[in-house]
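**Student:** So the chains spell out like this:
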Amino acid sequence: MTSRNTLGRRSLLRGMLYGSAIRIGLPTLEMMLNSHGTALADGATIPKRFGIFFWGNGVRLKKWVPSAQGPSWQLSEELAPLLNVKDYVSVASGYNIKTGNERGHHAGCVGILSGAPMIPQDPKGAPYASTFSAPSIDQVVAASITDKLKFRSLEIGISKSVVTGEGTTLRYLSHNGPDTPNPPEYTPSALYSRLFGDGFKEPGQSTAVDPKLALRRSVLSAVKDDATALKRRLGVNDQRRIDQHMESIRALETQIMAIENAPPPALGCKKPTAPSTMTGDKYLTAVNDAMSAMAALALACDQTRVFSVMFSGSVGFSNYPEIQLGDHHSLTHNEGGEQPQVNSITVFIMQRFAKLLETLKATPEGTGNLLDSCVILGSTDTAEGLPHTINDYPILIAGKGGGTLVHPGIHVRSSGGNTSDVLLTLLQAVGLPLTEFGTKGGKTSTPVAALRA
Amino acid sequence: MIVRRFKPQALLLIGATLAGCSGTIAAPGLGGAPTLSSEDGPPGSPGVPTGQADGFEAAPVALRKLTVYQYENTVADLFGVMAKLPELEPDTSINGFFAIGAAKATVSVSAAEKFESAAFVLAAAALDATHRDAFVGCTPATAGCADGFVARFGQRAFRRPLTAEEVARYVGLASQAQAALGGDFYAGLSYAIAGMLQAPSFLFRVELGKDGGGNTVAYDDYELATRLSYLLWNTTPDDALLAAASRGELSKLDGLLEQADRLIADPRAKSALDNFHSERLSLEEIDLVDKNAKVMPDGFDDALKTAMKDDVLDTIEDYTFGANTDFRELFTTRVAFVNSELATLYGLPASSNGRVTLPADGPRAGLLGKAVFLATYAHTDGTSPTKRGKFIRERMLCQSIPAPPPEVSTVLPEPAANAPTMRERLAVHNSVASCAGCHKLMDPIGLSLENFDAVGRWRKDDNGHALDVTGSLNGSDFDGALQLAELLHDEESAIECVARQLYRYATAHVETDGEEPAVQETIEAFAASGYKFSALLRAVIGSDGFRFGARQ
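Protein chains in written order, with our numbering: chain H, 973 to 1425; chain C, 943 to 1494.
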């Protein structure tokens, strides 16, 4: 599961294609897999993948939480769209964010994504802002499992109606720490260029290495020298910022080396057709479909093992022209009664999540599919949008985690446990050697046993 | 309508008059390209400037990442070529300003990718066969051409002379690339340029300062040149500014203000200050605002949104560079800038275009009568006195409003016979103690604007129901938007708020308690000038907070 295995696998495939194995023709997938479909013939396992699907403004808990618990749970009204992937989904309910609710949406978002409290940035008399105090869990995973892959992680955004004026928390999902977000790509054609444009090689393509790649690395090396000289003269805060910049420069070097080293493996990897330039709320379904397809192929091609989809931002004021509803955030505060319109939007969002999961499930790998190897968290910025609550938090877990997560999925209901218990469970499922996770009230050392295989 | 520069421009169309095109990148008076030993660091002028005011305590220095606009303007000035740039990563606004976000920001992986692409695109465009002779300023056959170019271009890019070590670093890159690419001199140089454009020394505005006594540092001449240039032009210092820095003129207060006056008088100051006002008044928020068919039967199109934003910016320009000078009058002015669609919305003849004077006895005046603000701070289907009140408190009076407490229902009662207008429906806020405290600050001033609908059109009543638009601000009673505007005109915290916002924008942080003496001085100077915005600019530039920082 380490990068070494990946490179080994790539080398193996290259050897098979261009070396002596050519005489037996292209190897079938089965020939390279063990009888369980979890490992390749050389012993390298199919890697595990980690993903997040996130949306803003919570759910209607009455219509979200399944009535039955355990393995016999049935889909609730708002979860009904997950029908085709139900076996791959577990529901965790009754868990509470334990990092406080200092500011509606902000606190829930940071708590569920990082297991840590938010940092308020509200000097007297200035407009409010906040940021994360700790990395979001996608980056915790990325730091551990994606070393040497072309992309450390992929950040995808669907609705562009995100709050831009309150710091990084509401605007971005993925964070490396305070004020260091990883902004998402909202336009499928742009993500396509990044993933499958220059530098992407399909299996069997020439492996001749462009000498300009080495020169690009020399440029980055000079950039690091500039940073080193500068850093000596800076205060500690700025040193950290330069360190983060240089982390990004090293990630760029890794991308270049990934291009130089090898073509991607043959498994399910292929170049998708280029999507159109559609983007934004008018095309939520189409953008989500295109992004799901590219995320699946990015995993299949082992360009990355970590992704996050911010379907809509925290407090997002997304419009849903396809169902004639919006803006989402205002609706959660203005619609009375049982909030049927808010409910319809949650159902719409679950349809989009279902599409992502169905796309992964439809992508074969080994004797199974991509979803078999995935650990995916689905959640939001508050339990219910109207009262900004953080108790009984809506949490979905999808994928089999390479055999580490319970399958078929269950509904596990806690009586006020820590949402970080679920996060720790997921981090362990994807292979991180952690025994505890979270900070302050969000700290835990008790994973959810029922969610494990 | 004026073409504005704060929309990201993928295509940079720059004339041929730029110094960067002419091969004379080095600042006049520098006597070629000076280099320093690597130990010296960037040079400053000798002597510590005028000391700080009594009780002033400087705030910590911080690197400032170039914003997208600053990056685009800067490379346009550096290269003077046409190039299609990749869309850069957007900036984060913190406490109301991208500048404050930029003082906390770093470079993400995808941002680094985009900066790398942009660097190579720009280098290739500048070095193509038609531009390169002028751009490089020497030919490959000239001895020391690469060294000279790197020193000259580097000084513009890093906004200070390069150290010898830095020159060697980028010349080394050029030589290595030239050798690897079949001896192509220009191909080699492109790697040196790409390196400088990705260096933290370019992407961040570095402020190290020199000893200013105690824990304080005084920004050096080049750092002040950079501060001045990005504040007033939102771009990199020009040759004249760098030359003044090399002569040590900017660390003297009169020298700094002399350059400030030159920059303020230049047309480039207009679009840079538009950027400030656009941010402080959150004008870009309108871009993502939608209205339903009840409010806008024909849709709320981008052209109208742009006209609404331009109305505010052009009116402010009128009070900055035009005949009008008292900034308080922005609350009461009858000046507006319209196109046909906005004129109709304002109840003017559709043939109106450009600068107009609204009827002196009409219901609409000042910033509070501007459609962009009335439409942004409303719902898709109706008005929101709370949102409007919150905006006035936060953005026009610099007062913080806390968020609603958790577990509180924010659903208002539906309109009913005994609650036909927003005033009766919002009364529920007064009946809940945990709501009343804050809503008392917002709802009453917002309710006085109920004569303007969800997109800013005047309405006499609300669906036939009479409107009560009375209220009070800080103890003074008023009746309707015009009287509220009169109160804001005389409200000290309103004019102070503009000064605080400019201070925040210029220094990239919210003023600290220790900086309050400097802030007060700028407020006093603003008042003493009769509220001339140019005087406020000079006061902020001359303030201790602009010229001094504290070590982190």
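Quick caveat, the hints were computed from the structure, so don't treat them as lab data.
Remember, it's a predicted structure, so these values are computed and weren't measured experimentally.
Treat the hints with care, since some could be wrong.
Computed list of lysine-lysine pairs in PhoX-like fashion (alpha-carbon distance at most 25 Å, straight line) [stated by the list, open to error]:
id	chain 1	residue 1	chain 2	residue 2
1	C	Lys1474	C	Lys1194
2	H	Lys1132	H	Lys1327
3	H	Lys1173	H	Lys1243
4	C	Lys1056	H	Lys1243
5	C	Lys1236	C	Lys1329
6	H	Lys1035	H	Lys1058
7	C	Lys1329	C	Lys1382
8	H	Lys1184	C	Lys1056
9	H	Lys1034	H	Lys1132
10	H	Lys1254	H	Lys1203
11	H	Lys1254	H	Lys1184
12	H	Lys1184	H	Lys1196
13	C	Lys1026	H	Lys1096
14	H	Lys1132	C	Lys1329
15	H	Lys1132	C	Lys1474
16	H	Lys1120	H	Lys1034
17	H	Lys1132	H	Lys1120
18	C	Lys1329	C	Lys1233
19	H	Lys1242	H	Lys1132
20	H	Lys1184	C	Lys1026
21	H	Lys1254	H	Lys1132
22	H	Lys1120	H	Lys1196
23	C	Lys1026	H	Lys1120
24	H	Lys1254	C	Lys1212
25	H	Lys1034	H	Lys1327
26	C	Lys1212	C	Lys1382
27	H	Lys1173	H	Lys1254
28	H	Lys1132	C	Lys1382
29	C	Lys1152	H	Lys1173
30	H	Lys1203	C	Lys1402
31	C	Lys1212	C	Lys1233
32	H	Lys1132	C	Lys1152
33	H	Lys1196	C	Lys1382
34	H	Lys1120	H	Lys1254
35	C	Lys1402	C	Lys1329
36	H	Lys1035	H	Lys1120
37	C	Lys1056	H	Lys1096
38	C	Lys1236	H	Lys1203
39	H	Lys1254	C	Lys1382
40	H	Lys1120	H	Lys1058
**Student:** Tell me the numbers of any earlier hints that the structure contravenes, in ascending order.
**Tutor:** 9, 10, 11, 13, 15, 16, 17, 19, 23, 24, 26, 27, 28, 29, 30, 31, 32, 33, 34, 36, 37, 38, 39 and 40
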